[in-house]
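> In case you want the letters, here they are:
Protein chains: 2
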Amino acid sequence: MSLELYYWDGLQGRGEFVRLALEEARADYVEVVRGKSSEGLGTAAMMALMKSRDEPYPPFAPPFLKDGDLVIAQTANILFYLSPRLNLAPSVESLRYVANGLQLTIADMVTEAHDTHHPLASGLNYEDQKDAAKLRAHDFIDHRIPKFMSYFERVLKQNPAGDTFMVGDALSYVDLSMFQLIDGLLYAFPRALKRFGEHYPRLAALHDAVLVRPNIAAYLESGRRIEHNEACVFRHYPELDKAAT
Amino acid sequence: MSLELYYWDGLQGRGEFVRLALEEARADYVEVVRGKSSEGLGTAAMMALMKSRDEPYPPFAPPFLKDGDLVIAQTANILFYLSPRLNLAPSVESLRYVANGLQLTIADMVTEAHDTHHPLASGLNYEDQKDAAKLRAHDFIDHRIPKFMSYFERVLKQNPAGDTFMVGDALSYVDLSMFQLIDGLLYAFPRALKRFGEHYPRLAALHDAVLVRPNIAAYLESGRRIEHNEACVFRHYPELDKAAT
Numbered sequence: 001m002s003l004e005l006y007y008w009d010g011l012q013g014r015g016e017f018v019r020l021a022l023e024e025a026r027a028d029y030v031e032v033v034r035g036k037s038s039e040g041l042g043t044a045a046m047m048a049l050m051k052s053r054d055e056p057y058p059p060f061a062p063p064f065l066k067d068g069d070l071v072i073a074q075t076a077n078i079l080f081y082l083s084p085r086l087n088l089a090p091s092v093e094s095l096r097y098v099a100n101g102l103q104l105t106i107a108d109m110v111t112e113a114h115d116t117h118h119p120l121a122s123g124l125n126y127e128d129q130k131d132a133a134k135l136r137a138h139d140f141i142d143h144r145i146p147k148f149m150s151y152f153e154r155v156l157k158q159n160p161a162g163d164t165f166m167v168g169d170a171l172s173y174v175d176l177s178m179f180q181l182i183d184g185l186l187y188a189f190p191r192a193l194k195r196f197g198e199h200y201p202r203l204a205a206l207h208d209a210v211l212v213r214p215n216i217a218a219y220l221e222s223g224r225r226i227e228h229n230e231a232c233v234f235r236h237y238p239e240l241d242k243a244a245t
Numbered sequence: 001m002s003l004e005l006y007y008w009d010g011l012q013g014r015g016e017f018v019r020l021a022l023e024e025a026r027a028d029y030v031e032v033v034r035g036k037s038s039e040g041l042g043t044a045a046m047m048a049l050m051k052s053r054d055e056p057y058p059p060f061a062p063p064f065l066k067d068g069d070l071v072i073a074q075t076a077n078i079l080f081y082l083s084p085r086l087n088l089a090p091s092v093e094s095l096r097y098v099a100n101g102l103q104l105t106i107a108d109m110v111t112e113a114h115d116t117h118h119p120l121a122s123g124l125n126y127e128d129q130k131d132a133a134k135l136r137a138h139d140f141i142d143h144r145i146p147k148f149m150s151y152f153e154r155v156l157k158q159n160p161a162g163d164t165f166m167v168g169d170a171l172s173y174v175d176l177s178m179f180q181l182i183d184g185l186l187y188a189f190p191r192a193l194k195r196f197g198e199h200y201p202r203l204a205a206l207h208d209a210v211l212v213r214p215n216i217a218a219y220l221e222s223g224r225r226i227e228h229n230e231a232c233v234f235r236h237y238p239e240l241d242k243a244a245t
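Protein sequence lines, in the order shown, are assigned to chains A and B.
Each residue of the first sequence is one higher than the last, beginning at 1 in full-length UniProt numbering.
Each residue of the second sequence is one higher than the last, beginning at 1 in full-length UniProt numbering.
For reference, chain A alone in the conformation it holds in the complex (with noise of 0.2 Å):
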């Protein structure tokens, strides 16, 4: 049986970096949202799961994963999950809990990106917050971005086996998430991230190399990549970019 991922449709959001990980690893999955309601599927089934009043252990928020009758909640948690599987974890096992401390890292950070547009409560309007909204997103420019993309091109740098890859010699699917973070952060703060390179050379060289594997590319020009939009954790707001300091 398929798996299947359960994700709001029309954004990449959190999704994305479980859609990345099927996608290089060419998984059969279903997109459950974007199906039809005549065959059990599209929003309303994903609803009906996260309402249930009888499903043990439902959801709290999408994206989840259902596996035969597992459902897996929480992005890192899918990933940790998933990558055996697609050959995307790495081989040694202590490594796996490097991974995934990473990935909770990435996730921390997106978290942040969430919260300079809705600094106040993700329930209220981007409008009713613009201000707010001004003042944690240059502070995100300013302090978060440095800060968390150091130590992510620190890591790279430290890594034993060379700078190419996250954890371990070969690809894994912290790649592919740190991909989508700096790809997310590339759409929403391109003035922030003009010297993104210069910065942070081994975290520009890993997002340029995700960019070009095959299956990556084949998918990024498929109609089953959304475009960036302001659905998304990741916005394009102007008035909430600026040059880094």
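To be clear, the hints were calculated from the coordinates, so they are not data collected in a lab.
Hints are supplied without guarantee of correctness; some may be wrong.
Just so you know, same-sequence chains aren't split out, so a pair can sit in one copy or run between any two.
What the hints assert, rightly or not - Calculated pairs, BS3-like style, for lysine-lysine (alpha carbon to alpha carbon, straight line, at most 25 Å):
| # | residue 1 | residue 2 |
| --- | --- | --- |
| 1 | Lys51 | Lys147 |
| 2 | Lys147 | Lys66 |
| 3 | Lys242 | Lys194 |
| 4 | Lys51 | Lys157 |
| 5 | Lys66 | Lys157 |
| 6 | Lys242 | Lys36 |
Mind docking chain B on chain A? Use the hints.
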């Protein structure tokens, strides 16, 4: 060799979720930062490991755990790694991913609890973002606490093995973390949580059951348990608290 836990001294913070698991299991561990610098311990030892320019896979932030040569970062990841050894993981393999998904949802709520007092910038003082904090805290009380807690209550209710534990039919680290989350919120927002037991009876029962477990009770009364305070994720600022609507 003992497990080495690295976390800031003087606050519960995210380290406390790991401590509770170690204490429940009566594990042999060293709280590195509280040790003597003459023995190679203390805050300087933690900073040296974080800032090291040759450590493979240095951690981004505390808490992290050192188990021999392996350094494991991120609270949920540490617990995922440790829990089988501490006999605090579900015995059914697939339920370990359920546990990890729930733990990451707890972690998300912890981050939101932190952001109630630091909505604009983690590097700015609370006093410099008090107005924004009030807006975010009240949204947290009105919308986020009910959303998260009614979800967790439902997970208990729908647990096929009964409503005593979050996952399966035995105590896991997720129950200890759920206790800590509730305990922190009771400290930070006593007015908002005044009717917690009425709204979320299963969660309240879980909290009370963990509180009287012998190893937990002994730990909470020991000098090792740091009191809640305003250096922590969970801070009691009366102006941020209010009755739930």
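> Hint by hint, say whether it matches the structure.
Against the structure, the hints come out as follows:
Taking the closest pair of Cα atoms, Lys51 and Lys147 come within 25 Å of each other only across two copies (12 Å); inside a single copy the shortest separation is 38 Å, beyond that limit. When the C-alpha separation of Lys147 and Lys66 is checked against a cutoff of 25 Å, the pair qualifies only between copies, where the shortest distance is 23 Å, while the shortest distance within a copy is 35 Å. Taking the shortest Cα distances, Lys242 and Lys194 sit within 25 Å of each other inside one copy (10 Å), while across copies they are farther apart (44 Å). Proximity of Lys51 to Lys157 under the C-alpha cut-off of 25 Å is restricted to the inter-copy arrangement: shortest distance 13 Å between copies versus 45 Å within a copy.
Proximity of Lys66 to Lys157 under the C-alpha cut-off of 25 Å is restricted to the inter-copy arrangement: shortest distance 21 Å between copies versus 36 Å within a copy. For a Cα distance limit of 25 Å, the shortest separation of Lys242 from Lys36 qualifies neither inside one copy, at 42 Å, nor across copies, at 45 Å.
Consistency with the previously given hints fails for number 6 only.
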